[in-house]
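S.K.: From just these sequences and the hints, can you work out the full model?
There are 2 protein chains.
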Amino acid sequence: MNYFYLVPIASIAALLCAFYFFRSLMKKDEGTPKMKTIAGFIREGAMSYLKQQYKVVIIVFIILSLIFVTMSFFGLQNKWVPFAFLTGGFFSGLAGFFGMKTATYASARTANAVQKSLNSGLRIAFRSGAVMGLVVVGLALLDISLWYLILDFFVDNADHGHKLIMITTTMLTFGMGASTQALFARVGGGIYTKAADVGADLVGKVETGIPEDDPRNPATIADNVGDNVGDVAGMGADLYESYCGSILSTAALGASAFALNPTMQENAVFAPMLIAAIGVFLSILGIYLVKTKEDATVKQLMDSLNRGVNISALFIAIFTFGILYILGFSNWIGLSFSVITGLLAGIIIGQGTEYFTSSSHKPAIEIANSAKTGPATVIISGLGTGFISTVIPVLSIVVAILIAYLSAIRFDVANMLTAENVSMGLYGIAIAAVGMLSTLGITLATDAYGPIADNAGGIAEMSGLDPEVRRRTDMLDSLGNTTAATGKGFAIGSAALTGLALLASYVEEIRVALLRVNDNVLEFADGHTVDVAKASFVDFMNYYQVTLMNPKVLAGIFLGSMMVFLFCGLTMNAVGRTARNMVEEVRYQFREFKGILTGEDTPDYARCVSISTKGAQREMLFPSLLAVTVPIVTGLIMGVSGVMGLLAGGLGTGFVMAIFMANSGGAWDNAKKYIEMGNLGGKGSHAHKAAVVGDTVGDPFKDTSGPSLNILIKLMSMVSIVMAGLTVAWSLL
Amino acid sequence: MNYFYLVPIASIAALLCAFYFFRSLMKKDEGTPKMKTIAGFIREGAMSYLKQQYKVVIIVFIILSLIFVTMSFFGLQNKWVPFAFLTGGFFSGLAGFFGMKTATYASARTANAVQKSLNSGLRIAFRSGAVMGLVVVGLALLDISLWYLILDFFVDNADHGHKLIMITTTMLTFGMGASTQALFARVGGGIYTKAADVGADLVGKVETGIPEDDPRNPATIADNVGDNVGDVAGMGADLYESYCGSILSTAALGASAFALNPTMQENAVFAPMLIAAIGVFLSILGIYLVKTKEDATVKQLMDSLNRGVNISALFIAIFTFGILYILGFSNWIGLSFSVITGLLAGIIIGQGTEYFTSSSHKPAIEIANSAKTGPATVIISGLGTGFISTVIPVLSIVVAILIAYLSAIRFDVANMLTAENVSMGLYGIAIAAVGMLSTLGITLATDAYGPIADNAGGIAEMSGLDPEVRRRTDMLDSLGNTTAATGKGFAIGSAALTGLALLASYVEEIRVALLRVNDNVLEFADGHTVDVAKASFVDFMNYYQVTLMNPKVLAGIFLGSMMVFLFCGLTMNAVGRTARNMVEEVRYQFREFKGILTGEDTPDYARCVSISTKGAQREMLFPSLLAVTVPIVTGLIMGVSGVMGLLAGGLGTGFVMAIFMANSGGAWDNAKKYIEMGNLGGKGSHAHKAAVVGDTVGDPFKDTSGPSLNILIKLMSMVSIVMAGLTVAWSLL
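Chains as they are written, first to last, in the working numbering: chain A, 1 to 733; chain B, 1 to 733.
Take these hints with a grain of salt, some might be off.
Since the list gives no way to pick out one identical chain from another, each pair is judged satisfied if it fits inside one copy or across any two copies.
As the list claims (entries may be wrong) - In silico SDA-like pairs for lysine to any residue, Cα to Cα no more than 20 Å straight-line:
{"no.": "1", "residue 1": "K689", "residue 2": "N78"}
{"no.": "2", "residue 1": "K534", "residue 2": "E420"}
{"no.": "3", "residue 1": "K372", "residue 2": "V206"}
{"no.": "4", "residue 1": "K689", "residue 2": "V206"}
{"no.": "5", "residue 1": "K683", "residue 2": "V298"}
{"no.": "6", "residue 1": "K205", "residue 2": "D474"}
{"no.": "7", "residue 1": "K51", "residue 2": "R471"}
{"no.": "8", "residue 1": "K299", "residue 2": "V517"}
{"no.": "9", "residue 1": "K51", "residue 2": "D474"}
{"no.": "10", "residue 1": "K205", "residue 2": "K689"}
{"no.": "11", "residue 1": "K205", "residue 2": "K594"}
{"no.": "12", "residue 1": "K372", "residue 2": "Y588"}
{"no.": "13", "residue 1": "K372", "residue 2": "K689"}
{"no.": "14", "residue 1": "K362", "residue 2": "N581"}
{"no.": "15", "residue 1": "K34", "residue 2": "E44"}
{"no.": "16", "residue 1": "K594", "residue 2": "N78"}
{"no.": "17", "residue 1": "K293", "residue 2": "Q115"}
{"no.": "18", "residue 1": "K372", "residue 2": "F590"}
{"no.": "19", "residue 1": "K372", "residue 2": "R591"}
If you're looking for bench data, these hints aren't it; they were derived computationally from the structure.
M.R.: Spelled out as C-alpha cells, the structure:
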C-alpha cells in the first residue's frame, strides 16, 4: 500500500506543473489589440460551444445515472457505480475544458512570440500543449487515487481477493463515464470543426479563391473555433478515456490473475498505476528537455521535440523493470518486456503513419501524382493507400499481442492456454497498453501543440501580421504534424490493446455480477460444476461457449463490424449535412453583401459559429446513443456470448477502419500540401484543385469518424461491463 | 441413392436447355455489316483477354496442383484432391467462357432486335443471360455428380459414416479450384473493365465532352470488352463458386451432423443437391414465363421478369417441404423453414440494395443533391450512405443465422448449444444458403442480361443506329439494374452464410486430417479424452480453445479484418494505376491524331485493349496469391485457432465491406443518372460534373473490389480447408 501513494503524488505533481505552465503562459503578451480581439472571438466561440455541448451531455449523464441507481436498487450493480460514472465523465470533461482554455489563450501569444523567433513560438505552443497533457494524466490519476482510497475504505469483504476484484471492477465503471464524455466530445467536436473547415474551404478556397483563414471568409472564425473544440477539447477527453481505460482494465485483470495470492494481487493492481505515475514524472522531465538555442533551425526544433519524447520513453522502459521487481513479481523481467512491447508497437505504428501520410514519402506523392488526372483518381488512390496502410499497424499489434502474452507467461508456448496462463497472458496484453500510454503527459503535449500553432497561424493571417509570421507558424504546424503521427500511433495502438483487455474485464465483471445475484456455481452440460468465485477465464469461455461455432458469437461479430460502418456513416453524413448548410450560408453572405469580398464589410462570423454549434449538437446525439444502446440490447437478446462477439467484431473492424480513415485523411492532406509546395503546377493548378477535393473528403475521415472509432470500441466494452449485471439477471429470468 | 440421379438429370437438362437457347440465339440476325464488325471486335478482344487470363491462371493451378500432389504423397491430403481441385477450376472457367461467348454473340443481335420492338430485344438479351445462368448451374451439378459417383465408387471404408465424411470433405476441395478461378476472373476482369471504363470516361466524357460509347473514343472498345470479361465472365465464375460452395459445405456438414445414422446421413448429403436440382427445373420454368405482348410497356417487361423470378422462388419454397419430407428428415418442417429463411433474407437484402441505390429513392437523390456543392460532398455523402446501407443486410443475415439455426433444432433455445444441436443448427445455416441460391439459374439470367443490354447500347451508338435504339437499350439496361439488385442480394447474402458453413466445414476437415495422420484421440488439459472420429464441434472448440479469450483467435480476427482492407487497397490501386495509363493513352491519341475527334481518323482501339489486358494480368496476381498464402502462413504460425480467427474476422469485415462498396458504387452511379435525367441542371451542369466524379470512384467499388470480397472470404476458407492436413501435421512436429 505504501507504493500506492506515489500515484496521488504524481497526480498532484502533474496538476501543479500544469498550473505553473499556465501561469507563465498568461504572463506573455497577447500582441496587438486586433490579435486580442480575434483571439477573444475564438475563445468565446469555443467556450460557448463547449457549454452547449455539456448541456446535452449532462442530460444524458443524468438519465444514465438514474438507470444505474435503479440497477443498484435492484441489486444489479453496486451503489458506487452511479457516482463513479459521474466522476469519470466530470473529470474527462474537465480535462478537455482546461486544455482548451489554455489553447485559446496560447494561440495569439504564440503568434506574437513567433514574431521574435521560431524558438520562442515553439516554447509557448509546446508548454501550452503540455498543460493539456499534464492535466489529462493528473486528473486521471487523481480520479483513480480517490476512488481507490474510497473503495478501499468502504468495501468490506472478509476475502481480500474478492475485495480487490470488487474494487477494480467498480472502478472500471468510471471508465464508462469517461468514454461517454469522450465520445460526445469527439463526435460533437469533430462535426463542429469539420463542417466549418469543409464549408470554409469549399466556398472560400475553391469557389472564391481567397486564401485559408482569410478574414473575409465568414466561416473562418468557426473554423478556428473548431480546431479548439475538436482537436483540443475532443482529443483531451479522448486520451483521458484511453489512459484511464488502460490502467483500470489492467488493474481488474491483475486482481483476477493473482486472486490466490493477496500480496501479489494488491501489487498487480498497483503495477499499472505506478508505471503511469513514474511516467508522469518522466514526462515532466521530458517537457523540460524540449528547448533549443534562440536561433534554432527547424531540424534542431524537431530534434529537441523528439529528444523529450524519446528520453521519456527510454527511461520508462528502464524504470519498468525496477517497479515490477520491487513489487515482487516473480516474472518481473517477462512482464517488463510486455510493457516494452507495447511501447515499441506504439512507436512502429507511429512510424508507419508517418510513412504513409508524410509529404516526403512515396504514398502521399503518388496520391499527388494521381491529381494530374482529376479528383476521381485522387480519391481512388487515397482510399487505396489508406486501405493498404492498415498492414503495418495490424501486424504490429498482432505481434505485440502475442509477445506481450507470451512474455507474461515466460514463453511457455506448450501450455499457453492453461487457465493460469490465460489470466497472466491477458494481464500482459493489458499492461502493454499501459506501457504504450505511460508517457502520455509528453506525447499529448506534442499532439496538442499542433492545433495551437495552427490557430496562431490563423490569428496571424486575420490580424494582418507580416507573412513571415504565418510562414513560421506553418513551420511549427508541420513540425507538429510529424510528431503528432507518433502520438496517433499510440492512441490507436493502445485502443486495440485496451479493447482486448476490456473484453477480458467483461468476463471478470460477469463473475462479479453472478456473485451479486447469488448464482455461485457454474453447472456445465456434462454435469461438472465450478465455483464462480474460483472460475477461470477458460471456465467462463467453456460455460458460455464463447467459441467460433456458437451462432450467437458469429452473429455478434457481424453486428460489431456493422456498428463500425454504421457509426462512420452517421458521422460522415452529419459532417456532410452541416457542411452543406455552412456552404450555403457563406455563399449567401458573399452574394448579399458585396462589401465582404472587397474588405469593406465585416462578415457575420456569429451566424457560421451558430450553424456549426447547432449542427454538432443535433447530430452527435444519435450515433453516441447508438453506441450505448446496442451493447445493452445485444446482451438482452443474445447474452454473454453475443456481447463478446459484438465486442470482438467491433474491435477487429473498428481498429482497422480507424487506421484506414486516419491515414487516408492524412495522406490526402499532405498530398495537397505537396502540390502547394510548388510541385505539379503548385497552388491554383488543375492538380491542386483535384487535391483539395481529396483533402476535403479526408477532413471528416481523419478528424471526425476515424478518431471517434477508438472511443466507440471502448465505450461499447464499457457499457457491456457496466450492464453485465442486467445481462446476467435477464438470462436467469 | 435413387433420388441422387435427379442431380445429374437436372444438370443435363440445364445444359441442353442452355444449348437450345444458344442455338436459337445464333439464328437471329446480327444486323448491319458495321454492327457485325464492331461486335466482332468486341468478341475478339474479350476472347483474346480471356485466353491471356487463363494462361496466367493455368500456371497458378499447375503450381498449386503440384503442392497438393506433394501433400498427398506425404499423406497430408488424399490422392483425389489435386484432380478435384483442377476440375473445379476448369468447370468454373468453362462457365465464364460459355457465358461470355454467348453474351458477345447476343449484344449485336439484341441491338438489332430492339429496332423492331423492346420486347424482342428483351427476349434475346434475357435468353442469352439464361444461357449463362443455366451453364453455371448445369456445370456445377455435373461436377458435383461426377465426383460423387467417382468417390462413392472408389472410397472404400468399412464405416459408412466415415466414408461419407471422406467423400464430402474431399469434394469440398474442388470448391477451392472454383474459388481460385473465380478470384482471378473477378479481380482480373474487374481491373480490366474498370480501368477501361474510368479511362474512357475521364478523357472522353469529362475532358472532351463526347458521349459515352462514342466511336471516336479510343478506349470505347476496351470498355465494351470489359463489360464482357468483368461483368459476364467474372460474374459467371463467381456464382459458379458460390453455388458449389454452398452445396458442398452443406453436404459436408450434413455428413457430420447425421454421422450416427447411415440412411439419414446419405439423405442429409443429398438434400442440398436435390434442392439445387429442383431449383434448376423451376428456373427453366421461370425463364419460359418471362414473356410479354409484342407492344409491352417497360412496366410490363419489369413485371414479366419479376414474375419469372418470384414464381421460381415461391415454388422452390413449396418443393423444399416435399424434398425434405421424402428424404425422411424428422424435423423436415423446421429444416424447410431454414431454407426459406435463406430465401427471404436474400430477398430483403435485395430490396435494401434497391432502396439504397435506386435513383427513385431518397439516398441516391440525397447524393445527387450534394453534387450542388461539388465533388467533395458527393464523395462524402456517397461514402456515408454506403456505410449506413450495411445495416439492413447485416440485420437480415444475423436474424437469418439465428432463425435458420433455431428452426433446424426445433427452437430448443434452452439447449441450443449442446453438441448435437450445434451440428444440426450449423447444417440449418448452411442449407439456408442453398435455399438462397437454389434459383440461381434464373436470378443469374436477370443479372447477366444487364451487361448484354449495355453492350447492345454500345454497339448501337458505335454503329450509328437511330438514337431511339439507344434509348430502348438504355431502358432494358436500367430494367436490368433493378432486377440485378436482387441478384446481388443473393450473391452477398449467400457468401455470408456459406462463409459460416465453410468455417464449420474447416473443423470437419481438421477431424479428417487428424485421422489421416493417425492422431485418433483428443487429450484435454483436464485429462479426459475424446475419440477424434466421434468428437463434436463443441469438443473441437474446447480442445483447440477457439474462444474469444485465446490470443491467437483475437490476433486472427485482427488479421482477417486487415486482409479485407489490404485486398481492397491493392485492387483499388490496380484500377487507379491502369486507368491512369489508359487516360494518358487516350489523351495521347487525341493530341497526336487530330482527325480522331473530327471523325476523319479511326482511333487505335487495339492499344487501349492491350493496356487493359496487360494491366489486369500484371495486377491480378499479387492480391490473388495473397488470399491463398495468408491462410496457410497463419495456420503454420498460429494453428487451428488462429486460422478460425482469421476466417471469422475476414468474414465479418468482408461481408460488411462488400455491401458498403457495392451500395456506395451503385448509389453514385444512379445519382449521376438522376442528374442526367434532367434534374439539378442535367447533363453538363456543374452538379453533373461532380456526380461523374462520384460515379468514377464508384466504378472500382462496385465492380472490382466489392464483388471480389465475396470470393476472398470463401477462398480463404477453402484454402484453409484444403491445407488443414498441413496445419495439423505441422502442429504435431
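S.K.: Within a copy, between copies, both or neither: which one fits K689 and V206 at a CA-CA cutoff of 20 Å?
M.R.: Intra 7 Å, inter 15 Å, cutoff 20 Å: intra and inter.
S.K.: Could you figure out if K205 and D474 sit no more than 20 Å apart (CA to CA) within one copy, between two copies, both or neither?
M.R.: Answer is within; shortest intra-copy Cα gap is 17 Å, inter-copy 39 Å.
S.K.: My question is about K534 and E420: at a cut-off of 20 Å on alpha-carbon distance, are they close within one copy, between copies, both, or neither?
M.R.: Classified as within: same-chain Cα gap 11 Å, cross-chain 29 Å, threshold 20 Å.
S.K.: Which holds for K293 with Q115 at a C-alpha limit of 20 Å: within a copy, between copies, both or neither?
M.R.: within (16 Å within a copy, 83 Å between copies)
S.K.: Which holds for K205 with K594 at a C-alpha limit of 20 Å: within a copy, between copies, both or neither?
M.R.: For K205 and K594, the Cα distance is within 20 Å only inside one copy (17 Å; across copies 36 Å).
S.K.: Is the C-alpha distance from K372 to F590 at most 20 Å within one copy, between copies, in both cases, or in neither?
M.R.: So K372 and F590 pass the 20 Å test across copies only (17 Å; inside, 31 Å).
S.K.: 20 Å Cα cut-off: does K372 pair with K689 within a copy, between copies, both or neither?
M.R.: Both: 10 Å inside a chain and 17 Å across chains, each within 20 Å.
S.K.: Between K34 and E44, at a C-alpha cutoff of 20 Å, which is it: within one copy, between copies, both, or neither?
M.R.: within (15 Å within a copy, 72 Å between copies)
S.K.: For the identical chains here, do K51 and R471 meet the 20 Å Cα criterion within one copy, between copies, both, or neither?
M.R.: Neither. Shortest intra-copy (34 Å) and inter-copy (58 Å) distances fail the 20 Å Cα cut-off.
S.K.: Within a copy, between copies, both or neither: which one fits K372 and Y588 at a CA-CA cutoff of 20 Å?
M.R.: This pair counts as between: shortest inter-copy Cα distance 14 Å, intra-copy 32 Å.
S.K.: How would you label the pair K362, N581 (within, between, both, or neither) given a Cα cut-off of 20 Å?
M.R.: Result: close only across copies, 19 Å inter versus 36 Å intra.
S.K.: Between copies, within a copy, both or neither: which fits K689 and N78 at Cα up to 20 Å?
M.R.: neither (58 Å within a copy, 60 Å between copies)
Of the hints listed earlier, those the structure fails to meet are numbers 1, 5, 7, 8, 9, 16, in rising order.
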